[in-house]
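Asker: Listed below are the residues making up each chain.
Number of protein chains: 4
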Amino acid sequence: MQKNTLTFIAISLLLGSAAIAQAPSQEKAQMKPEMTESWEPEVKVTTPGANSSAPSDAIVLFDGKNLDQWASTNDPQTPAQWTVANGVFTVKKGTGNIQTKESFLDYQLHIEWRIPEKITGTGQGRGNSGLFLASIGKGDAGYELQIVDSYNNRTYANGQAGSIYKQTRPLINAMRKPGEWNVYDVIFTAPRFKEDGSLFSPARVTVLHNGVLIQNNTELRGPTQYIGLAEYKTAHGKSPIKLQDHGDPSEPISFRNIWIRPL
Amino acid sequence: MQKNTLTFIAISLLLGSAAIAQAPSQEKAQMKPEMTESWEPEVKVTTPGANSSAPSDAIVLFDGKNLDQWASTNDPQTPAQWTVANGVFTVKKGTGNIQTKESFLDYQLHIEWRIPEKITGTGQGRGNSGLFLASIGKGDAGYELQIVDSYNNRTYANGQAGSIYKQTRPLINAMRKPGEWNVYDVIFTAPRFKEDGSLFSPARVTVLHNGVLIQNNTELRGPTQYIGLAEYKTAHGKSPIKLQDHGDPSEPISFRNIWIRPL
Amino acid sequence: MQKNTLTFIAISLLLGSAAIAQAPSQEKAQMKPEMTESWEPEVKVTTPGANSSAPSDAIVLFDGKNLDQWASTNDPQTPAQWTVANGVFTVKKGTGNIQTKESFLDYQLHIEWRIPEKITGTGQGRGNSGLFLASIGKGDAGYELQIVDSYNNRTYANGQAGSIYKQTRPLINAMRKPGEWNVYDVIFTAPRFKEDGSLFSPARVTVLHNGVLIQNNTELRGPTQYIGLAEYKTAHGKSPIKLQDHGDPSEPISFRNIWIRPL
Amino acid sequence: MQKNTLTFIAISLLLGSAAIAQAPSQEKAQMKPEMTESWEPEVKVTTPGANSSAPSDAIVLFDGKNLDQWASTNDPQTPAQWTVANGVFTVKKGTGNIQTKESFLDYQLHIEWRIPEKITGTGQGRGNSGLFLASIGKGDAGYELQIVDSYNNRTYANGQAGSIYKQTRPLINAMRKPGEWNVYDVIFTAPRFKEDGSLFSPARVTVLHNGVLIQNNTELRGPTQYIGLAEYKTAHGKSPIKLQDHGDPSEPISFRNIWIRPL
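Chains as they are written, first to last, in this note's numbering: chain A, 1 to 263; chain B, 1 to 263; chain C, 1 to 263; chain D, 1 to 263.
Quick caveat, the hints were computed from the structure, so don't treat them as lab data.
Source: prediction; values computed, not measured.
Hints are not guaranteed to be accurate.
One copy or two, it doesn't matter: identical chains are merged, so the pair holds either way.
[Unchecked claim] Mimicking DSBU-like on lysine-lysine, the simulated pairs with C-alpha atoms at most 35 Å apart in a straight line are:
1. LYS194 x LYS101
2. LYS233 x LYS194
3. LYS138 x LYS118
4. LYS118 x LYS44
5. LYS101 x LYS233
6. LYS177 x LYS32
7. LYS101 x LYS238
8. LYS194 x LYS65
9. LYS44 x LYS238
10. LYS92 x LYS44
11. LYS194 x LYS44
12. LYS138 x LYS93
13. LYS138 x LYS177
14. LYS233 x LYS32
15. LYS32 x LYS92
16. LYS238 x LYS194
17. LYS138 x LYS32
This is chain A alone, in the form it adopts within the complex:
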């Protein structure tokens, strides 16, 4: 224990043993309300947006105008090739995944996406894309929050909209109809690694789908594996966020109103 206890003990001895005996019972009585107030530093202020628009401290990743915040995953030095029109952008089949130019660690992300009204196909072949919470390499390397049409379209539970793909099913299916906009509000905590590259703490994610909780601080087992078991093998830090050009023949899906707040 700390040394100045001794002063207290010495004083207690001077005051007689009654002082020691009373200490425990008087503990609460002796405290004052202001002793558990924490004043500094002052909490910073943000101005919240109206109707899900970005708060003042967010980085806007897409505001309806252009893909300036995004690059091609195949070659991050080149611009994203997807189509921007009418305030939304749409997957351009065959141009590959796109990812943010900036990298992030822990964050809150808001993103809206829409399955085309005239979607066709079934199961995983119906409006498939994906939000990689952290891209850790080319192609589909990373942690995928599934995007697919799950409105009256059954697939495996850990592969439907809102699943951590091939890992954890959503708590509930809160999907809107094709043609309507879906919203993901995501709170992501990146994994941390030790100096030797082994895992210190796994990634975690909380997701609200159209305002409904579908992932509650879910622990990720590792980067998404289409075949086999997910496992953390490679240490990484900040990473881009990535959207998938899935390549199936169904109509391409669209995105809008994307903003992020590093935590």
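Since chain A is already given, all that's left is putting chains B, C and D on it; use the hints.
Answerer: Same frame as chain A, now just chains B, C and D:
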């Protein structure tokens, strides 16, 4: 290990040591995509609400009409005495706290609240109320998520809007102006206790304030203490949710659009 | 916040605004050492054992004399059939698993086990048994901490001594030679389930093998699966602890000095 | 989801819808035992010590001969001044705390300590020292695991032997008599911080006292505070381990057999 490994070992011996040697490297190759699909049980469906209204699987605690879901905390057998008008309800000073008739454990809660446009007072004396995530007794016993006017009104950080009162400050101040509606979206995990009444796992809470993350799976140290240190002392299970009639002389605050989804 | 703040505020107003301004900076200065002392209730006392023998508050599961604390897993109404001699007990091949008569939830367990000096076989076929941290059914149902000869006997890492079988490899291989006694000191936290049977919190385990840390609060993914992926499917509470009669043709292993402290 | 699902879907279509329908139910049947084996990399080997002596992969911090691994906390460039005799070292009152020359992050530590047989004093004034799990500055800055005589010597519970001083009481009092050797086996996980210096994850500690569990993955609230509330204020990485020269007038305590394994 499990006994039928032996069969595998036996077969391996028949096949020669090459079979054993190859096992590790062939592991991934041998798996098929469908082996990590999880189909059953089917994920249940909810219909999300529009504009923050209740999804189809929520319990509506206030829909603008009456306080039928609420009782007086002083005497839970009697109705809540607060005022309902124009689709909102308002604290009626001096009638005491009110709480839900139903009890909850883990849940997602949506609640909207408004500081009066003509609010007066400063610090804790300006538009003070509180949302008790679990009421564990009369008066103010429970876990309080602070409600107070924090728009240009400084107080101690762990006592401002969005704080776990006297415990944990919000990550950021996302308060709207007096007269505008604030929203709390809350994900609460109740504490769990052992058979002997000691704590097994603390309560946890995630809060979005006007869509901005202010508490991220925050661990609660115990029921709120105005004086002294919070500590888990009494085991409890499902509990009502409670709103505070604070008693300070400022204008009373109002609430609307409250719904909950047990998790 | 709590209502009596108001008194403080009122007093502060009387004293003038200086009182409020000073509150934050004086916080620490105002506290006294005894305010963070916690006296009640008094911590209970146990008398530690010498040389890894049971402390006074432990339940002795085997003290060298008989298997009175154990039953057959196949029929828990019948006695355990394994052999007791020279202060140790030894697997009796073909009689099946044995388990404690008493059930446990969270606990600290000490157990010693010995691979026969003249062990034969390789891989999983060399001195194989298992400690089921919680038995949740007949046969090998439960959470298995692997027991096998891992001294110069390679097998898959998540199947060697000290692994959570088919889940998590030990941090290091701290195995003693065949013929010498090995020790497991285990701290087990049972899984908890919700009312609807779904998982609330996974099982966790810390293991020292011969005094060396090999599992550090490791999260278990579900009951052990020899084939396929572990997953929590069935809620359970207190459970017996179980030892495995593996059935491979190698010499049977022995146990001694087993005690447990419910936590 | 991953793109090559499409191949599977295409094949499924060729095979007819029966293939899809069967996929879920056949999942487990299709897996093979070796698919959940993890072989690489091979788990490293350590040779465990006999009778609590250091395993082969440990760093020996004191082997009975000298304090070469220790320095003065007041001036880490100067040698530790405590007394070495008869295979143990003893606090030399007035020379100040001592600390390891090497710094550590996460680790397993074994340390033995002895209250003098002829100890005098009461409460905190009876055989007081302390093990700082991480020293984060001069004097007593750091995370203190309390060392004091708690054999028939009551003090506040969060200040007795085995407590996280002024934070968390031990689960049980496993103290040996003055004159006998006590053992702490400690598993420490250092706190992690974000780039901006704020806390990412708190420190955690598991402690066995004479083989009895007294701290079970306990979360530390911050560096030890003799007065006031513990709180993480300053980011730090690897730190020395520190022993306290407490300064009270009771007989000085002794230490022996100290080793550490970085994790």
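Asker: Can you give me the call for LYS233 and LYS194, within, between, both or neither, at a CA distance of at most 35 Å?
Answerer: Cα proximity of LYS233 and LYS194: in one copy and across copies (12 Å, 22 Å).
Asker: How would you classify LYS138 and LYS32 at a CA-CA limit of 35 Å: within, between, both, or neither?
Answerer: Between copies only: 22 Å across chains, 58 Å inside a chain, cut-off 35 Å.
Asker: Checking an output row: LYS44 and LYS238, CA cutoff 35 Å. Within, between, both or neither?
Answerer: For LYS44 and LYS238, both the intra-copy (24 Å) and inter-copy (30 Å) Cα distances are at most 35 Å.
Asker: Within, between, both or neither: how does the pair LYS32, LYS92 come out at a Cα-Cα threshold of 35 Å?
Answerer: Answer is between: at 29 Å across copies they meet the 35 Å cutoff, but 63 Å inside does not.
Asker: Should LYS92 paired with LYS44 be assigned to within, between, both, or neither, using CA atoms and 35 Å as the limit?
Answerer: between (40 Å within a copy, 32 Å between copies)
Asker: Measure nothing new, just compare the shortest in-copy and cross-copy C-alpha distances for LYS138 and LYS93 to 35 Å and report within, between, both or neither.
Answerer: Intra 17 Å, inter 53 Å, cutoff 35 Å: intra-copy only.
Asker: Give the relationship of LYS238 and LYS194 under a CA distance limit of 35 Å: within one copy only, between copies only, both, or neither.
Answerer: both (15 Å within a copy, 12 Å between copies)
Asker: Using 35 Å as the alpha-carbon threshold, which applies to LYS101 and LYS233: within, between, both, or neither?
Answerer: Close inside one copy (24 Å) and across copies (33 Å); limit 35 Å.
Asker: Please work out whether the CA atoms of LYS101 and LYS238 approach to 35 Å or closer within one copy, between two copies, in both situations, or in neither?
Answerer: both (12 Å within a copy, 33 Å between copies)
Asker: When Cα atoms must be at most 35 Å apart, do LYS177 and LYS32 count as within-copy, between-copy, both, or neither?
Answerer: This pair counts as between: shortest inter-copy Cα distance 32 Å, intra-copy 56 Å.
Asker: 35 Å Cα cut-off: does LYS194 pair with LYS101 within a copy, between copies, both or neither?
Answerer: Both. Shortest intra-copy (26 Å) and inter-copy (22 Å) distances satisfy the 35 Å Cα cut-off.
Asker: How would you classify LYS138 and LYS177 at a CA-CA limit of 35 Å: within, between, both, or neither?
Answerer: Close inside one copy (32 Å), not across copies (45 Å); limit 35 Å.
Hint compliance for this structure: every hint is met.
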